[in-house]
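Student: Residues per chain are reported as follows:
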Amino acid sequence: MDFSFLSPLAFRLLYALPLLIVPYLLRERGKRIVVPALFLYQGLPSSARRRLWGRLKLTPLFFLQLFILLLLITAAAQPLLQRQGGKVALVLDTSASMQARMPGGQGSLFEAARQQALQALDTIPGRDAISLFTNAPLPAPVSTSADTRAQLRQDLGRVEVTDAPDPSDEVVSSFFAQLLGERGFQQVFFFTDRPLATQENTDALTVVTLGEAQPNAGISAFRLYRSPFFPDQVDATVVVTAIGRLSKGSVAIENVETGKAWQSQQFTTGESLTFSFPQLPLATTYRARLFVEDGLALDNEAYAVLPALTTVPVLFVSPSAEAAKSLGQIPNLKLERVSPQDYNPAKAAGFPLVIFHLTAPETLPPTNAAFILPPEGNTLFPFGKAATRPAITQWTAAHPLTSYVTFSLLSPAYAQAFLPVSWCKPVISSTVGPLVLAGEHDGRRYVAVGFDLFPYLGKQNLPTSILTLNLLGWLAAQAGQPPSLKTGATLTLAGVSASVRLPSGETLTPAGSTISLKKQGVYTISENGSERRSAVNLTNAEESRLGRPLRLTPITPPAPVAPETTGQPLWPWLLIAALVLLALEWGIARRAGEAVGMG
Amino acid sequence: MLPSLFTSQFLARLETLRIRTRRRFLGSRPGGHLSLRRGAGLEFADYRHYTPGDDPRYIDWKLYSRTDLSAHLPSGKIDTPAALARHLQTIHRPGKAIWLSDFLFPAEICQAGLNLLRAANFDLAIIQVLGHADLDPPLAPAGARLVDSESNESALVRFDAQAKKEYVRRLEQHNRELRSFCHQRGVHYAQFTTGQDLQQFVLRELPALGMLT
Chain A
1 MDFSFLSPLA FRLLYALPLL IVPYLLRERG KRIVVPALFL YQGLPSSARR RLWGRLKLTP
61 LFFLQLFILL LLITAAAQPL LQRQGGKVAL VLDTSASMQA RMPGGQGSLF EAARQQALQA
121 LDTIPGRDAI SLFTNAPLPA PVSTSADTRA QLRQDLGRVE VTDAPDPSDE VVSSFFAQLL
181 GERGFQQVFF FTDRPLATQE NTDALTVVTL GEAQPNAGIS AFRLYRSPFF PDQVDATVVV
241 TAIGRLSKGS VAIENVETGK AWQSQQFTTG ESLTFSFPQL PLATTYRARL FVEDGLALDN
301 EAYAVLPALT TVPVLFVSPS AEAAKSLGQI PNLKLERVSP QDYNPAKAAG FPLVIFHLTA
361 PETLPPTNAA FILPPEGNTL FPFGKAATRP AITQWTAAHP LTSYVTFSLL SPAYAQAFLP
421 VSWCKPVISS TVGPLVLAGE HDGRRYVAVG FDLFPYLGKQ NLPTSILTLN LLGWLAAQAG
481 QPPSLKTGAT LTLAGVSASV RLPSGETLTP AGSTISLKKQ GVYTISENGS ERRSAVNLTN
541 AEESRLGRPL RLTPITPPAP VAPETTGQPL WPWLLIAALV LLALEWGIAR RAGEAVGMG
Chain B
600 MLPSLFTSQF LARLETLRIR TRRRFLGSRP GGHLSLRRGA GLEFADYRHY TPGDDPRYID
660 WKLYSRTDLS AHLPSGKIDT PAALARHLQT IHRPGKAIWL SDFLFPAEIC QAGLNLLRAA
720 NFDLAIIQVL GHADLDPPLA PAGARLVDSE SNESALVRFD AQAKKEYVRR LEQHNRELRS
780 FCHQRGVHYA QFTTGQDLQQ FVLRELPALG MLT
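Sequences listed follow chains A and B, in order.
The first sequence runs 1 to 599 under the working numbering.
The second sequence runs 600 to 812 under the working numbering.
What the hints contain is simulated information worked out from the structure, not anything from laboratory work.
Not one of these hints is a red herring.
Below, computed lysine to any residue pairings styled on SDA-like, alpha-carbon distance capped at 20 Å:
#	chain 1	residue 1	chain 2	residue 2
1	A	K385	A	K425
2	A	K519	A	V305
3	A	K519	A	S534
4	B	K763	A	Y41
5	A	K31	B	S750
6	A	K31	B	Q761
7	B	K763	A	L58
8	A	K385	A	A413
9	A	K31	B	E752
10	A	K31	B	D759
11	A	K31	B	V746
Please model the complete structure; the sequences and the hints are all you need to start from.
Tutor: Below you can see the structure in the form of structure tokens.
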């Protein structure tokens, strides 16, 4: 234990301390007292014979006042009780993967980590100051070094594991570097499920790894599609990432409200599996469930809410006004036509889909798009052979573009076949080659058609009309879909007095305009008099990879730090003591004054 | 206006009291009896203090002037025996004399004054009136300028606890000497301090000491 002072300049006030004697000198300087007769006082010791310091009689009250002033000056200097011990940080991994079961044991990895941290509290010397942190969704303090061990134990007991993924390794590295650097910790313990990739880090960082790599499968994507042109049809796609050897399992889609499972598909093996669930019945909330024996249960389910039915704004880039007029007959479609010369990508970004008719931009637009008979020589979809009335020879029956199309009746007057495009798959092919290509690039959908679909003639040309609606529906299927939210992200609220019902059923009234999405499930947000629901999912293939290595960037060993500077501030106690003594002094002085007054 | 201490009840009790003398004196009144009737009439009954509502025609202004001793004393330092001697010249017949004072002047002066009155054949009683400040004066440990209230003489005194103890000892000795002098010479002595109950003192203690009946 040692003392230091944050404001030692306050001790200059000591020079003013002698001023305390002045009132005593003034008070004791020849008081005039009228007495009825002087003869009884004659012969008593005379004050005239005494000098200045002799006349000054310092009472115990004076010394009490002196002590109070010394206390106040010391408090102003802000003394700090320093501990000579080190400064230790315990960091608890609260990411979703910590919910994995402990191999061969009871409970989760997180519970094991908590126990390890509690044991560490017992082994760290009592003179060391310990701080507690969590790392997910982002590194954050739980308790400070001023807390007692008992308080730390309570805080440890209250820490909850989240459904959020780990922050990136770069974030974790910089957090540790900050702890060991500018925040002055001499030792950091990190309790996690991830082993260090290399052991080149400083001795100041101890990574306590719990569990080990174990087989796991998790839903890494769950999407619902609802075509504005076939609103009663809902399609779903579930992407499963499987790591390690797993026994066979199955994937099912359920209605959350009723718990009824509609479709179930079996799988045996594979690292990344995509399951399509076409034509699901309408429901408010859907849940994809993965039935498999694996390490982590959390990523075996994901949620989605029914996309709202909406009018789809479409940017139609075409030289043909007649084609645009024909498309205007399609319900739930709000068309805006621009000529090819007026097109620019920034405008396209404001639409959920763009149709390029007899034209093509130089680069893919930043939204879903269809390219109807693009011009020869375009760079996006190069042409192969051309043909008149080519016969359709092949199509992908499972693709939504081909639903309900009678290909025997589809006979375009003129068509140009495409050369292969790496990220696209041929959906409809003819004798001269692929006539329809479809694919996803950077999360957006694109379709290229090698013959003209327009003008839209409705029932007069059913195969072409159905293919057109399929194309529009596939591209606009996500138009009414709420944005996909991930655990660990932040949800921004529009209303000031918004309330949020959490997946647990608890209702929160956030103080600010955001809430942190720590748990997976459906959040119901009430704001501005309306209610909306959002599905929040982990769907993180990396987090599903249990026991993946932790790659920390090398951390510079901290320079030897001077003795701990985060000791206990003592000035509040000194101030309280001074106030108590001041009250005592006031009481004594008052009593003494009363005694004199009675005389 | 009398102080509130002098209630009508207290004044009524006072009316029933008589100053007791141990000797008989020659008087101007014919006869030696007392009339039980008082009030308006030609026959004189007794003197009493003026009370509000009394008819000013019945005030004996000459007697009043004689009882107002202060009117005959010079301001400043008082030479008590000389003042008494001057006052005695205005009194032609001896009688009952009651001397009220703090008697805080040297014992020989007190004794000289008392002897003067005794020599003039007065039946003498003294009441020493002391204030709380006389009995328990405030401390001035660093020294104080003490000023005599009558002579304005002053002295610098370091009046600490030790000095106070000496003062109290001197005061007690002074009072003891005064009381002893009175007892030896047949002078009634009573002491009244300002903290005492005046009614109790007048109605109980003074009759007990034989000053009043």
